[in-house]
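Undergrad: Residue numbers (this note's numbering), protein chains in the order written: chain A, 1 to 384; chain B, 385 to 851.
Because the hints were derived from the structure by calculation, they are not lab data.
If you're wondering where the values come from, they're calculated on a predicted model, not measured in any experiment.
Cβ atoms here follow ideal geometry from the backbone N, Cα and C, with glycine treated the same way.
Among the hints, a few may not be true.
Said to hold, decoys possible - From the derived model, a few chain A residues whose C-beta atoms are all more than 12 Å from chain B: (1) A7; (2) V67; (3) I376.
As the list claims (entries may be wrong) - According to the in silico footprint, chain B covers these stretches of chain A (three or more CB under 8 Å from chain B): (4) 111 to 123; (5) 194 to 207; (6) 293 to 300.
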Amino acid sequence: MVTSQIASLMEARLSALEEAGDSGTKIVGYFPGGYVPDELVYASGAIPLCLSHGGDARPAEEALSLVPNVICPFARAQIGEALLRTNLLYNKLDLVVVPCTCQHLKQVGDVWEYYGTVDIFKLGVPYDNKDAYEIDYFRERLSELKGLLEHLTGNVITSDKLTEAMNIYNRLRGLLKTLSLARREQRLRISALDFVRLNHISMYADPVMTCDTLEEVLSSVSQAELLPEGRPRVMLAGPALAFNDLDILEMIAAAGADIVVEEVFEGIRDYWHVVQGDGDPLDVLARSYLLDKRPAAFMRGATSRRIDRALDLIEDFDVHGVVWYQLLCCEMYDQESYLFERVLRERGTPMLVVESDYHNLNVGPVRNRLEAFVEIIEGGPVGV
Amino acid sequence: MYELLDLCGFDAREMQVQLPRIQETFSRLGITQDDIQTGKERLHVYYDMELWSVRRIMGLLLKDMADIVLLRDEGARKVIHACMAPGFEVLGTAINTNSEDVRLTYPNFTFTAILGGMFGKVVPVLEAAEKLWLRSGVVRHCGMVKTRVGLISLGLLPRPDLTVTTGYLCDTSPKSNEIMEAVFGIPAYCVDHTQDRQIADYPDASRATTLSAKGMRRFSDIVRTQTGFEIDDDMIWRALEARRPIRDATDRVLEVVRSSDPSPLASTHLNLFPAVGLVPYKEDDIPAVVSLLDHLRDELEERVGRGVGVLPKGAPRILVLMPTHHADPRFEHLAHRLGLNIVASDFNFSSGQEKSGAGIVDPSDPYNVICQHPHGTSGQFLEARIGIIIDACRRLGIDGVIGHYHSGCRYIAADTLAIQGAITRELGIPVVAFEWDNFDPRSYNEHEYAAKLETFRGMMERTVKVC
């Protein structure tokens, strides 16, 4: 059922993109990571598309004509999509907003700007949020983006429109969160694959339609068939789980474990935070996106908070092991994996690092490692 | 040891003071008699020890290494470790001049030049970091960050009370300091920054410089709370003023290197200038440094006057992307042997805003005056960097470009292919591009590099420049 619902959402979105040219509706793309407020794009009347395709080696390889392979495959895939021009979701953009988060995504912005034919807006995200000047900086950049969107679409982004957009996206995040929390139950009724695909479609599909679909899913999930019981419960952590990068989910399931929660930066919509507050909506957006939400790995001083957050999730979702799904050349998550593994080892939670460059992940060695990992979990906590 | 210190330009009086300090330093760093012998040989092979000033520069860095290693023994109560933190040499001068017992050190370039360049002993330091969170392999973590983590984890540096870095070019350095905080308990601070400039902004960098200046001022607040020492603005103004002649004197030396044919100085020396320029000297020590650099310029000009060069007149003039190697002079030595005259790195150039003063948003704020590095090529976005590099190639009459991109630095390495294309298109000169690590000698492969450079030289001989 989920598969057909997702297909309907994508079909509707592609139709809207086809019609956008005739109706004069603008299409605004942005890269994932959770620092570009969807609300702002939506309130402008443009079609928001969170460009998050990956998992396929072809676009990532295509990008090697422009950047060396020290850039991660997800970032390279974004460059490759622009070069190949075979993906409808990447082909009709009027503006692309690039959040300056990690060095890899920053480079995507530089390359798209240098070679591209689409306008680029680089959204500076301060790496820290301890002082008011950092919130002010981000707010100023959002204000500039707001002006640019208004100019592009010819629509004024009023406070009312922005508030309405916040409500829509809060609803979307809230529904994803409710669905995610349902996975705290010992007997699962929704697989990680379905949950992630629903999350992924929310990057592209109309948010109101996605909310309606999520409500349908939620209302049916309590009646859904229970998944097999007694399988190890796993958390998936890492830098990116791109749209269509699903092999790792299938492989973990095939190895005999269930992913019950994800802690992923790019590619999984961050559904844990609520955009709320009094006063100027831009102030609210700036604070909510920079200050209130759980920090990504690139944020300074985030490491210990991120570990605490992961430990809370492990506790809350009764996680038995962590699969750290890392992309090749991701220097930040590679460093963090050391510390996470060390902390988890101390508390007896095993962790496995799997690295992908979007090439043949689903082959013998990784499968064997995942199977061995599941066997270790089933044998009891490591070091106890 | 006497011979080494003599070779490094120490006079009898200095020798008396420095000998026991350097002996103790070598003992702690594991530098043996055999290493000293190796060091003397390497100095003669790779560096121009006929020049008194080159010998003195080696001595200056050797002494700086001892100053760092012996900090605690010599009264430092609080030690701040700066790395990948341009501008902090100024704050270091302010702190080291005005505080009795708080010291800011900027050790990496000194250690790579001496432990690496002089003694060829930096690999165990890198390996120590690789056993922790900076693993070796395809992830390609930065050798400079490895050097820092390795030195601290091996106890070769006094354990700092605070580490400071910036995110101007990099996520590895801030993340590594945070992990050091978690693992070793050393508090970490990172100056905030964003990389959101674009073509429409160029050459304006005011957003970036203003944000960084605020982050740097916050560092001073942290120093006060962590050490009790208060850095006031007057101290920083004096440090800025005191240090300016170092930069000016360095520029004069580099100008002689770039403008002379035949070249009076081999490119193996180019990595020494950033090392000398980043030592957080006390103000009283600065005139001697400036005098040393001026003396080097005089020695080079004397060679130029005599028509003496280290390469034949007319040797092809090369620009390198990224600086010359910081820990291993072999690549530059090889290029030199093959007759290639590396005259500059793109890191030597900027949009010009900084030097004109036009980039300083608030001239009354010393932190804003310090934070002008986003104007340099290394801090630019792709299109701006390309523009500055092409302009530098034209001005210097460059015949070819070597793009040895430091793979640990995603920010800069990722630009290489676009730069290569732009130079080839606009200037018609060859660009050889390959991956390496600016701080890791293990990336050196003599046969591979020789083949590349010989081919590159052949291409230059057949090239008709577009401009």
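Undergrad: Hint compliance check: list the failing hint numbers for this structure, sorted ascending.
TA: Hints 2 and 5 are the ones this structure does not satisfy, whereas the remaining hints hold.
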